[in-house]
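Asks: This is what each chain is made of:
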Amino acid sequence: MSETTYVQLLYLACGGLLLTSVLMLWRRELAVLIRVFAVQGFALAVIAGLAALHHGGIELGAVAVGILVLRVGILPWLLRRAVAAVGPASRETRPLVNVAASLLVAAVLTLLAYAVSRPLVELAPAAATSAIPIGVAVVLIGFFVLITRRRAPSQLVGFLLMDNGITAVGLLTTAGVALTVELGVALDVLLAVLVLQILTGRMRETFGDTDVAELRELHD
Amino acid sequence: MITLLMLAPVGLPVLGALAYLLFGWRPATAWIAAGAAAGELAAAIGLAAVVDLSGPQIAVGGLARVDALSVFMLLVIGTVGLLATAASPSYLAAEIRAGRASMRTAARHSLLVQAFLAAMASAVLAADLGGLWIAIEATTIVTAFLVGQRRTRAAVEAAWKYVVICSTGIALALLGALLLNYAAQHTPVRPGLNLVGLIAAAHTLDPAVTKIAVAMLVIGFGTKAGLAPLHAWLPDAHSQAPAPVSALMSGVLLSVAFYAILRVKLVADAVLGAGFARALLLVMALASLALAASLLIAQRDYKRMLAYSSIEHLALIATGAAVGGPLAMAAVLLHMLGHGLAKGVLFLGAGQLSQTDGTSRIAQIRAVAARQPVLAGCLGFGVLALIGLPPFSIFASELGIARAGFAAGLGWFTAIALSLTAVAGAVLVIHVSRMLLGTPAEGPGAATASPRLPAAAGAVLLAGLTLSAALGVTAGPLTGLLHSAAVIAVGTP
Amino acid sequence: MSALGIVGGVVQPLAVVAGSPVLVGMMRQVRARLEGRAGPGIAQPWRDLRKLFGKEPIAPRGTGVVFRAAPYALVATTLVVSFVAPLATVDSPLDPVADLFAVVALLTAGTVALALAGLDTGTAFGGMGASREMTIVALVEPTLLVAVFALSVPVGSTNLAAIVSSTLRDPARAISPASLLAAVALVIVIVAETGRLPVDNPSTHLELTMVHEAMVLEYAGPDLALVELASAMRLGVFLALLANLFVPWGIATTAGPFAVLGGVLALAVKVVVLGLALAVGEVFLAKLRLFRVPELLAGSFLLALLAVAASFFLA
Amino acid sequence: MNPTGLALGVALVLGVFAAVLGAATRKHLRARAVGAVTALCGAAGTIAGISAMCGTRYYAAFPALLPLSGVTITVDSTSGLFLAVTGAVAFVSAVYGVGYARADANGRLPQAVFPLFVITMMLVVSAGNVGALLVCWELMALCSLVLVLTEHHRRPEVARAGRWYAVMTHLGFVAILAGLLVFTAAADDDTFPALRVAAHHLSPTTASVVFVATLLGFGSKAGVVPLHVWLPRAHPEAPSHVSALMSAAMVNLGVYGIVRVGFDLLGGGQRWWWLLTLALGGISAVYGILHAAMSTDLKRLLGYSTTENMGLVLIGLGAAGLVADDPVVAGLALAAALLHMVNHAAFKTVLFLAAGSVQRGAGSRDLDALGGLSGPMPFTTAAFGLGALAASALPPGTAFVSEWLLLQALIHARPSAGAAAVVMMPIAVAAVALTAGLAVATFVKAFGVGFLGRPRSAGAAAARESPASMTAALGIAVAVCAVLAVLPTILLSQLGSLASGLLRTGSPAAMDGIVVRLVGVSGALSPLMLAVVSVGAALGLVAVVRLVLTRQARRAARLWDCGAGPLSARMEYTATSFAEPLQRVFDDVVQPETDVDVTHARESAYLVEAIEFRNRVLDRIERWLYTPLLRAVSVWAAAARRLATGSVHRYLGYGFYTLCGLLILLAVTR
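As given, the protein sequences belong to chains A, H, F and L, one line each in that order. Mapping to the working numbering: the first sequence position 181 is 181, numbers consecutive. Mapping to the working numbering: the second sequence position 50 is 50, numbers consecutive. Mapping to the working numbering: the third sequence position 120 is 120, numbers consecutive. Mapping to the working numbering: the fourth sequence position 647 is 647, numbers consecutive.
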């Protein structure tokens, strides 16, 4: 693979990452969100795969496969189960901030990510590192989704969006986070999602509907 | 031998967890948990001796490392863990009697508590930041089910908030760790995330990147340590968890998370000088203190009250860490231990109280002293220990933090922190005195005698208080360890 | 302890004990004449005392030691003051006792004894008198102390003999602003302390107004005689002190018989003049409402305070 | 180990032993065992104190105690004075406790904590470094708090008083802590010698911060207005032997702190500090005695009187600091303040213990329900009477001598001491004088209404005298009072040299023989002669009257009472009515709350069936200062609760906004 192809593909994947993030802000249907999330996972796997090809590491290849399995396969599946259990009321009802404002905020957050990431890019200017701001932007957008979405599954999506961003930053910044660490991280994310999914179930048992904004029994 | 000693603090609880998985919870197995915690404590003491004799040790292929600081944290985990697990059998038995739990729940509880202990031990034994991160994230996952154990609406709500907020925070820490790793990649030595290596390579780390990384790491681990801005899970989770778990979470988990901040601060100080981490920690600490003190004033629930007091104490610890220097660091470490003991005693006592009185509302509990003198005594003196009255050790550590703060030229910040602590202390005393003192209500309901405090639980509470008082009188054999741990925590300027 | 002091220590108490009832008699006589009555003559108080001393002592039921001891305490404190203060001679037999603060406190102690006696009777009148008397004392004592302070600051001593000698040496001091202010304040509080109009009317037994008389209602016979004697003596001592603090001339400065005789005569003249002035004043004054009295006393306290301020600022 | 150290060590060992006895012995032995051993502990403390005052200093260091600080013990002559006073009060209170505590405070906890309270007070004054001082101070506060709460299950006011006390003492402690730590930060370590060295190069601002913070902290313990609010609540609610310890010994430690920090460690300092001290003292003295004069609760009255007397002590301290250029007068003022403190300890012990006996014997401490105790409780009545005399600054009373000295010091303050002094001295004199006058009225009320006359309640009518241990303790305390009253010279020379040592002047305001003759300024007083002459005159008079004038025996007769019918207790003046005229006079200051409810008869509005009159004198400062403060705090707390609404989005939002803000900051400042 020539250097230019690598860069082109890399940028394409990163663009996909950002685009899917914005889409997640845009769309309200949980089912659509999950599909978009799977696409994003695929883009992430592409970034990992490209890194593996470019640096020629077997470990990275394994990581790419792992990401593909986890983020395109397992996590969307778990999410779908969570949403399916919710029942017909699966459409996201009015987020705390309306869509137009959300998109505007996403733009601002992306700019902020660019501004903040300058030192990161400057440390080792390269094709991969210059895409770091996108990863950071995805993290911030994910955080924003987390604080503006009412339903438990969509909060879950926000959390995973953040996590995708972090993984992207990890893949872009480095070729060699120790495999054990990477594995541990993946496992932890998986477990966190599992926990949240179980809790979603329990919330449904105890509260009936899973509007997180209604969880306000514990307060001062 | 050393490897064995270093594996024991993780391995023994894992074995305990396996035991509960295989045999379930019953009177015969009830004390396995305490046994494992005692073993963990013993291993910590052994390690302390080893570290004292021959310095830091590395084992398990470089994944685990132990120095005076981690040994001290192990001691904290072991001590408070022993207190909490020793109080568990009677607590679980009472829960089962009251129909709030089954044998299965008890077994799962014990299993998870063991896993919790193992995760905390591995956090302090981890040789690199990645391992530390994984272990701390693992504590979230394990305790999520413990918080939600009761499956009431409130418990599930608390668990949800706990997991969402903590996972978010810890995700930020992960981002920080990755960025730090990125910075480390571009140094000649490439230390990765190894805690010692990072400090050794500090002068070659890129300061701008490190700054962003440290900010993320401190906010992220600060979430688990109960520091503002992502502190809000704490009162919910600590008030809903079963008493022994609250004791462990408040008494140890927060300190373990703060241990991570201490490690990050070492790197930050080496790269950026003391100013950056200090400013960050001070702002977070003062915000947390102000918040805890304000919310304590009108508090209506005594478990939440204790939880806010934990925020306050961690903020105080953060103030101490921000001050830096051997005295402040020794005080911070002593404070962790003292707070663990006091808060452990208080949460266990509060659990006892909510079992007998059936409510956690301050306004609904009166005249405990007249009904259950021993429990009231433990709670009363526990609160006095918590607000830093001698002879309890928090007095000594608060004094140390304050003294170091004034000496470091942070007089105003220290004075504000002290005033807020004083307000919080005064409010705690007022709330608790309303519950403990007074004349028991006369009437038909008053005739039913309150159940007595189970002997084991009483012994645990008294032991915790006694230990705290003894530590306040003299650190005794801990003195050396405390000082070498403080030296490590200060780092080499 | 000088010869002059010893002479004074003997002469002064005698003069006070013998002269005070006469002073009271003279004041009553002057009032009677001014009011168009014949009057009983100036020796009438002595005649009363003789009659009372001849009666049987009474111990009212329900009263205790305090009630019985109070008249003695009252007379004794006044006697001590007349013993140590420079009334007729400038020296005192017990110089370390002749301190202005001590004298003021001693006189107050006598009042306190009487108030306690009033309370000890357990009657409504006793309590009422004691309450009113203590209200007045609570305001009079500070005024006295502050006035004394004002007089002491320029001299640098609270010793009575020292103040008197200092005024003798430096007559201008008597008309200094501090001195004048203090004099006015002292006059007011002495009127209050000795139970004269307009603060208290010694010749009435109306429960709405009486102060001193209410406390002593239960006394009879020799006890009453002592109380009456004591109040006469207190009047005499206060007037003598007032006179000598501001107009000390004539006081004996040597132990010679003529000097001492002159001192006693000068004392008698000064006290009589003051007493007559008081009596004449009383004719034209009505008694103040009880709750107006504090205003008067507060005024005198303020004057005394001003005197102190003046003595500091103008020193 | 020298005699001072030995005696102190013995005292500590005995104290701990007594605590163990209190926790371990059986109920019927407990009071006796604890009382006896604590009394010995107090005696040993007194000996240690006297030995230290005579010049035997003691020093010891225990670096292993109190982690991160270490403990140093230094007993010098200043400590000695306070040690001796504390020990003596402890001795008397412990003896009294044998009889008193058996009935009222015989629980394991109070009995075990009582001796600990004694030794912690001794340790406070023996501390030789900041860490030790602070730890002992807090231990003392803790012990006293536990003791105050002894009867919490009987009366709800006890818990309320305990809360006030706990909060105020905690806040006060933080002030002390901050002040001393600012000081320590400038020194090499936290021992007193190091601080003395550091004081020389302390910046004026820092020194002022240190002084003001410690003044507030120590002042709150001494019950200085406006930080006094806990005192008239907590002192009365404690068991009486504890009240005595608190009011006679513990408040002194506030004075100790001010003396130690202000004079000894900071070495005098700026004039306005002492002006502030003097002003606080003056306000405390007048305010305290005014409220004492209005109180009807005997122990509350005594509590306010403590505030008054500490105010007088502070006036002395302030005057000493203000005229520090004039060593003679400054020494005189300081010696007067210290003497007054000792005197106050003596008579307040008597008064609180007697009040305890009254509470025990007559079942009430409400003056309006007492009276007529001189018959059934002669010893207690006599003791209280003498104590009241001692407290009211009348000769031959105890306080008279010290107030006389104080006034002498104020008189001899030269105008050269500065304009501030010239303005303040007359005001100080007025405050002292007003205090003296009101104190007379107050104690006449307390003694006259509480003990004389007829009983006003069934409890008072059935009063019984206390057991021997209590009357013995009272007797000892009265004897000490009497000795201090007539022979202050035995103490004054010591106090004079102590004062000159503290002021580093080297010219002691010494006193000689039986006459207090001031050195360097004109002034002399002999309390002994005064007492002898007065008593002699009275006895002579009795002899003359009984032997010469009337030789008949006294005849018992009915009270005349203007010929009214048989007396009933309801016709008597009560404490409330006694104080009513004074209350009117100071209406604007105390602002009493009165309300009158008139119930009219059903038949006609002109006929009155019942009139209910209520009159309460509330603490004005409490209402002005603390009520708005508490209200502000609760408003704040209510507002703060909006931070924790339970919304997880909001909680995460805190993090999100902080993160964004921080990132922007990092991006901008890079």
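Worth double-checking, as some hints may not be accurate.
To give an idea of the chain H side of the interface with chain A (calculated C-beta under 10 Å), a few residues [as the list claims (entries may be wrong)]: (1) T3; (2) L4; (3) R100; (4) T152; (5) V156; (6) P188.
Below 20 Å or equal to it, Euclidean Cα-Cα: the simulated SDA-like pairs (lysine to any residue) are [what the hints assert, rightly or not]: (7) F/K51 x L/V542; (8) F/K55 x L/A556; (9) F/K51 x L/E151; (10) F/K55 x F/E228; (11) F/K287 x F/L206; (12) F/K287 x F/E56; (13) F/K55 x L/P467; (14) L/K27 x H/A459; (15) F/K55 x L/E151; (16) F/K51 x L/A553; (17) F/K51 x L/L547; (18) F/K55 x L/V542; (19) L/K27 x L/S77; (20) F/K287 x L/R670; (21) F/K55 x L/D104; (22) L/K27 x H/A279; (23) F/K287 x F/K51; (24) F/K51 x F/E35; (25) F/K287 x F/V269; (26) F/K51 x L/R554; (27) F/K55 x L/W560; (28) L/K27 x L/W560; (29) F/K55 x L/A553; (30) F/K287 x F/H205; (31) L/K27 x L/S208; (32) F/K287 x F/N201.
Keep in mind the hints are simulated off the structure, nothing from the lab. C-beta atoms are modelled at their ideal positions from N, C-alpha and C, and glycine is treated no differently.
Asks: With reference to the structure, classify each hint as holding or not holding.
Replies: Structure-based check of all given hints:
The closest approach between the C-beta of H/T3 and any C-beta of chain A is roughly 18 Å, which is over the 10 Å cut-off, so the hint fails. For the restraint placing H/L4 at the interface with chain A, the shortest Cβ-Cβ distance is roughly 22 Å, beyond the 10 Å limit, so the hint is violated. Hint status for H/R100: violated, given a least beta-carbon distance of 15 Å to chain A, over 10 Å. Given hint, H/T152 at the interface with chain A, holds; its Cβ is 7 Å from that chain's nearest Cβ, closer than 10 Å.
Against a cut-off of 10 Å between C-beta atoms, the interface hint on H/V156 holds, since the closest Cβ of chain A lies about 5 Å away. Taking 10 Å as the C-beta cut-off, the interface hint given for H/P188 is violated, the closest approach to chain A being about 14 Å. Restraint check for F/K51 and L/V542: satisfied, since their Cα atoms lie roughly 18 Å apart, inside the 20 Å limit. The straight-line distance between the Cα atoms of F/K55 and L/A556 is roughly 14 Å, inside the 20 Å bound, and the hint therefore holds.
Using a Cα cut-off of 20 Å, the hinted pair F/K51 and L/E151 is violated, with the two alpha carbons roughly 59 Å apart. A hinted pair counts as satisfied when its Cα atoms are at most 20 Å apart, and F/K55 with F/E228 qualifies at roughly 15 Å. Distance hint between F/K287 and F/L206 is fulfilled; the C-alpha atoms sit about 12 Å from each other, no more than 20 Å. At most 20 Å may separate the alpha-carbon atoms for a hinted pair to count; F/K287 and F/E56 exceed this at roughly 35 Å.
Proximity of F/K55 to L/P467 is assessed by CA-CA distance (about 42 Å); at most 20 Å being required, the pair is judged violated. A distance of roughly 24 Å separates the Cα atoms of L/K27 and H/A459; the hinted pair therefore is violated under the 20 Å criterion. Under the criterion of a C-alpha separation no larger than 20 Å, the hint pairing F/K55 with L/E151 is inconsistent with the structure, at around 56 Å. At roughly 17 Å between alpha-carbon atoms, F/K51 and L/A553 fall within 20 Å of each other, so this suggested pair holds.
Taken as a hint, the F/K51 and L/L547 pair is honoured in the structure, with Cα atoms around 17 Å apart against an allowance of 20 Å. Using a Cα cut-off of 20 Å, the hinted pair F/K55 and L/V542 holds, with the two alpha carbons roughly 16 Å apart. The straight-line distance between the Cα atoms of L/K27 and L/S77 is roughly 40 Å, outside the 20 Å bound, and the hint therefore fails. Only pairs whose Cα atoms come within 20 Å are accepted, and F/K287 paired with L/R670 is rejected, the gap being roughly 87 Å.
Taking the CA atoms of F/K55 and L/D104, the gap is about 51 Å. The hint is violated against a cut of 20 Å. A C-alpha spacing of about 58 Å is found between L/K27 and H/A279, which places the hinted pair above 20 Å, so the restraint is violated. A threshold of 20 Å between alpha carbons decides the hint, and for F/K287 with F/K51 the separation of about 30 Å lies outside it, so the pair is violated. Note on F/K51 and F/E35: the hinted pairing is violated, with a Cα-Cα distance of about 27 Å set against a maximum of 20 Å.
For the proposed pair F/K287 and F/V269, the alpha carbon gap of about 28 Å is over 20 Å, so the pair is violated. Annotation: proposed proximity of F/K51 to L/R554 holds, straight-line Cα distance about 17 Å (limit 20 Å). A C-alpha spacing of about 16 Å is found between F/K55 and L/W560, which places the hinted pair at or below 20 Å, so the restraint holds. Restraint check: the Cα-Cα separation between L/K27 and L/W560 comes to about 52 Å, which exceeds 20 Å; the hinted pair is violated.
Only pairs whose Cα atoms come within 20 Å are accepted, and F/K55 paired with L/A553 is accepted, the gap being roughly 11 Å. Distance hint between F/K287 and F/H205 is fulfilled; the C-alpha atoms sit about 13 Å from each other, no more than 20 Å. The suggested pairing of L/K27 with L/S208 is violated, with an alpha-carbon distance near 52 Å, which exceeds 20 Å. In summary, the hint linking F/K287 to F/N201 is supported, as the alpha carbons are separated by about 7 Å, within the 20 Å threshold.
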